[in-house]
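Chains as they are written, first to last, in numbering that gives the first Met the number 0: chain A, 0 to 233; chain B, 0 to 121.
Each hint should be verified, as a subset may be incorrect.
[Unchecked claim] Subject to a maximum C-alpha distance of 30 Å in a straight line, what follows is the list of computed DSS-like cross-link-like pairs (lysine-lysine):
(1) A/209 with B/116
(2) A/227 with A/209
(3) B/116 with A/227
(4) B/100 with A/144
[Unchecked claim] Not close to chain B: a few residues of chain A, all C-beta gaps over 12 Å, as computed:
(5) 20
(6) 53
(7) 54
(8) 61
(9) 65
(10) 69
(11) 71
(12) 79
(13) 158
(14) 194
(15) 213
Just so you know, these hints were derived from the structure itself, not from any lab.
Glycine included, each C-beta is placed from N, C-alpha and C at the ideal position.
Here are the chains, one letter per residue:
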Amino acid sequence: MKILVLIPAFNEEGAIAGVIREVHSAMPGTPVLVLDDCSGDATIQQAKEAGASVLAFPHHLGLGGCVQAGYRLAYEQGYDYVIRVDGDGQHDPRDIPRILETLQREGCEMVIGSRFVDGGGEQTSATRGLAIVFFRAILRPILGKSVHDPTSGFVGVNRTALSVFSRIFPLEYPEIEALVVLQRRRFRFVEIPCRMRPRQTGRSTITAMKSIYYMVHVLLGVFVNVLKFDGRRK
Amino acid sequence: MDRMLDVMAIFSLLLAGLVLVSVRREHIRVEYSVSWLVAAIALLILSRWQDLVRRIPAWIGVSDAALAMFIVSGGVFVLVLYRLSMIISRLKDSNIALIQKMAILEFNMESLHEKVKTSGEK
């Protein structure tokens, strides 16, 4: 069974090495691939020194473009499971074994590490909290079930989901749209409670000013994915 | 009204001239100049076809001919911008796919290099 941990990173020199070390200690022997989105700092160097491989992009692609390339590489290299962890240290890599175990036990295509399943979520900002409540309401009828933390980037996918995401993956703000892409193919996802920590360094890419753009963009993306006819085929 | 149509004709000729000069200097590729040239020609025809200019206000339900011309010209440019948006989207998709492919190839090449180096050392 081949497992890969993907860490998308953009200017995360302060946190990336710590995240990689934590992943190594939680999942000894599992390869870690950092997706460097053309960082201007020492992210690549830090990642390599911490023992990760680096997929370095010559131009800034945005989160979705980066993650899709990681999924594509993992699919081409025959990985069975891929776990995505953010490079800013907000996700606790000690939860990775539980995500993996749930993927295998449930046989679902995706497992989401959620900060809200057990009623937590105090680490989230007010703007993000509002977006989460809004998209929960939008996604409920589309997905046919509740999703507590649709914006979580702490996810694990199996090879079936990899085969889809390596070809079709939302390019800018991927988490919410990716759920709809899965639903259109009748794939299943499960949420499990995970610890979330405040980011260790840097700032979130979604500022207050970008929030409205984010919501409109994602909302449009959700409806476009719902309307895509070819997406309904498995 | 006649004066406005003359200004419109001059504007469309200037636009066509500017686009042709840009194509000649390779600032715009030929395939992307087509929309602008079609828009310029459409405006030129509109400005010289008096009979059509008199009928358009009635067709689109406005009494003012100048306003009608403005709406029609605006519509022509909206179509050009729409086509450009499609072209930009296609280019962006191609760029992303190329960057991803290039990064993956580079990664695979480095991995091979490492393997060759390691086997050479053994």
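Now for the hints, and whether the structure bears them out:
no.: 1; hint: A/209 with B/116; in the structure: violated, 47 Å
no.: 2; hint: A/227 with A/209; in the structure: holds, 26 Å
no.: 3; hint: B/116 with A/227; in the structure: violated, 48 Å
no.: 4; hint: B/100 with A/144; in the structure: violated, 36 Å
no.: 5; hint: 20; in the structure: holds, 21 Å
no.: 6; hint: 53; in the structure: violated, 8 Å
no.: 7; hint: 54; in the structure: violated, 5 Å
no.: 8; hint: 61; in the structure: violated, 8 Å
no.: 9; hint: 65; in the structure: violated, 9 Å
no.: 10; hint: 69; in the structure: violated, 9 Å
no.: 11; hint: 71; in the structure: violated, 6 Å
no.: 12; hint: 79; in the structure: holds, 19 Å
no.: 13; hint: 158; in the structure: holds, 18 Å
no.: 14; hint: 194; in the structure: holds, 31 Å
no.: 15; hint: 213; in the structure: holds, 18 Å
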